[in-house]
Structures are given as structure tokens and as C-alpha cells.
Amino acid sequence: MASILVSGCFLLFYISATLDAQTLNAPMAGGGDSCSSSSDCYPADLNGSVVPPLYINCSDHKCVCSSCFYATNSYKSCTYQKCWMYDVATRTCTDLRKEQRTAFLLSFFLSITGAANFYIQRYDLGGVQLGIFLLLPIVLLLLFCLILMVIFVIDLLFISRCREYFEPIYGSGGCLWWPILVLSCTWILLVAMWWVTDLFVFAADLRPSGDGCPLKHNL
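Quick note on numbering: the sequence shown equals residues 7 to 225 in my numbering.
Take these hints with a grain of salt, some might be off.
[Claimed, not checked] Pairs of lysine to aspartate or glutamate, EDC-like flavour, derived with a Cα cap of 16 Å:
#1 K222 with D211
#2 K82 with D66
#3 K88 with D217
#4 K88 with D101
#5 K222 with E105
#6 K222 with D101
Hint data in this document are derived by calculation from the structure and do not stem from the laboratory.
With the hints as extra help, turn the sequences into a complete structure.
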């Protein structure tokens, strides 16, 4: 009797262990701990649309997601990747990120117009750059006229000294050129500093686009 009882216990233990192993290894339906098909990994709002296996697939009971999707919840499902768009009609993924190479080239050739920042949808920085390029010369010209008025109306002694220092270098009327020289150098210095800064920022990819997406690394 004892041997029969022991044998029965071993048999029950073997059956229980086998059932437990089968339960652990069995694939669960979508929404469980694992997937059995690619459709189990689809985002909930696809409304029955089919996603190519290139983007969403089920492998070893885990969701494999790529391009415009990424895996969540320990590979139980896929959700939309930020800065990507999935077109249900064409079943294709589109990368919405701006290109780093394009931004760098625009900055290199058209930095003073703000073209690179307009391209990456940083309209605040682009507007400031365009304003410096277009409006600053006008502001500097107005400052130049104001300086001349101050010189001629108020400080005649300064004019005589100005002539003494500048006319030997610039000839007759050289005193009138020094404000233009100073203000022009100021404008050129501002534009050059911003140009160098933008080149470094886009080369090192330190500025995301206006929609919060990083630039596509292709420089």
C-alpha cells in the first residue's frame, strides 16, 4: 500500500508539473502577457487595419515593432512612435523629422536670413535672425544720423579733434566716416557670431525642431 501511495503521489506531481509548464509556455491572446499573432500587437485605434509585418510582428510571443511604432508593456503591444506617422491607406510609415544635413547647409549658406531655423520650425529664432539682417542696418543708419546731429550741433570742439585724427587717414570728410565704420563693424560682428554659433549647433545636433522632434542624423 505504501508503495502504491508513493507512486500515486509521484504521478500526481508529474502531471501537475507538466500542466504548469504547458500553461506557462502557452501563447496568450492579445491583451494578455504575450502575443500569438501580429494583430495582437496593433495599437487599439487602428480599427481593424492591417499593418505590414515590416512594422509590427509577433516573434517568440513578443511584439516586435519598428519605424513608426515601438514596443510597450514588456513587448505586449506596439504604440505610435513620436515624430513618425503611419498612413492607413498606403500602409507606410513616414518619418516627420527634419534632416540635420539640410539644416546645416541652410545655416552655412543662408544663416543671416534665418532659413535654417525656419526649416526646423523654430520661427522665434528665425524671426530674430531675419530682423537683424533686414532691420538692423536701418537702425544703425538712424543711429548714424543721430550721432552726426550730436556732433555738429553740440560738440564743435570734438569735430576739430575728429578732423585732426581721422582726416589724415580718410582724407577730407574722414571725420564723417567713423560712425559708419563703427556701426557697420557692429552689424557684421553680430551676423558673424550668429553664423558661427548656428553652424556649431546644427553640426552637433543641439537644437530640436519646433515640434519637439530631434533632427534626423544624416550629416
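A quick look at each hint next to the structure:
Of the supplied pair hints, the one linking K222 and D211 holds, its CA atoms being roughly 9 Å apart against a limit of 16 Å. Between K82 and D66 the alpha-carbon distance is near 11 Å, which keeps this suggested pair within the 16 Å criterion. A C-alpha spacing of about 10 Å is found between K88 and D217, which places the hinted pair at or below 16 Å, so the restraint holds. This hinted pair checks out: K88 and D101 have alpha carbons roughly 9 Å apart, not beyond 16 Å.
Taking the CA atoms of K222 and E105, the gap is near 5 Å; set against the 16 Å cutoff, the hint holds. For the given pair, K222 sits about 9 Å from D101 by alpha-carbon distance, which is consistent with the 16 Å threshold.
In summary, this structure violates none of the numbered hints.
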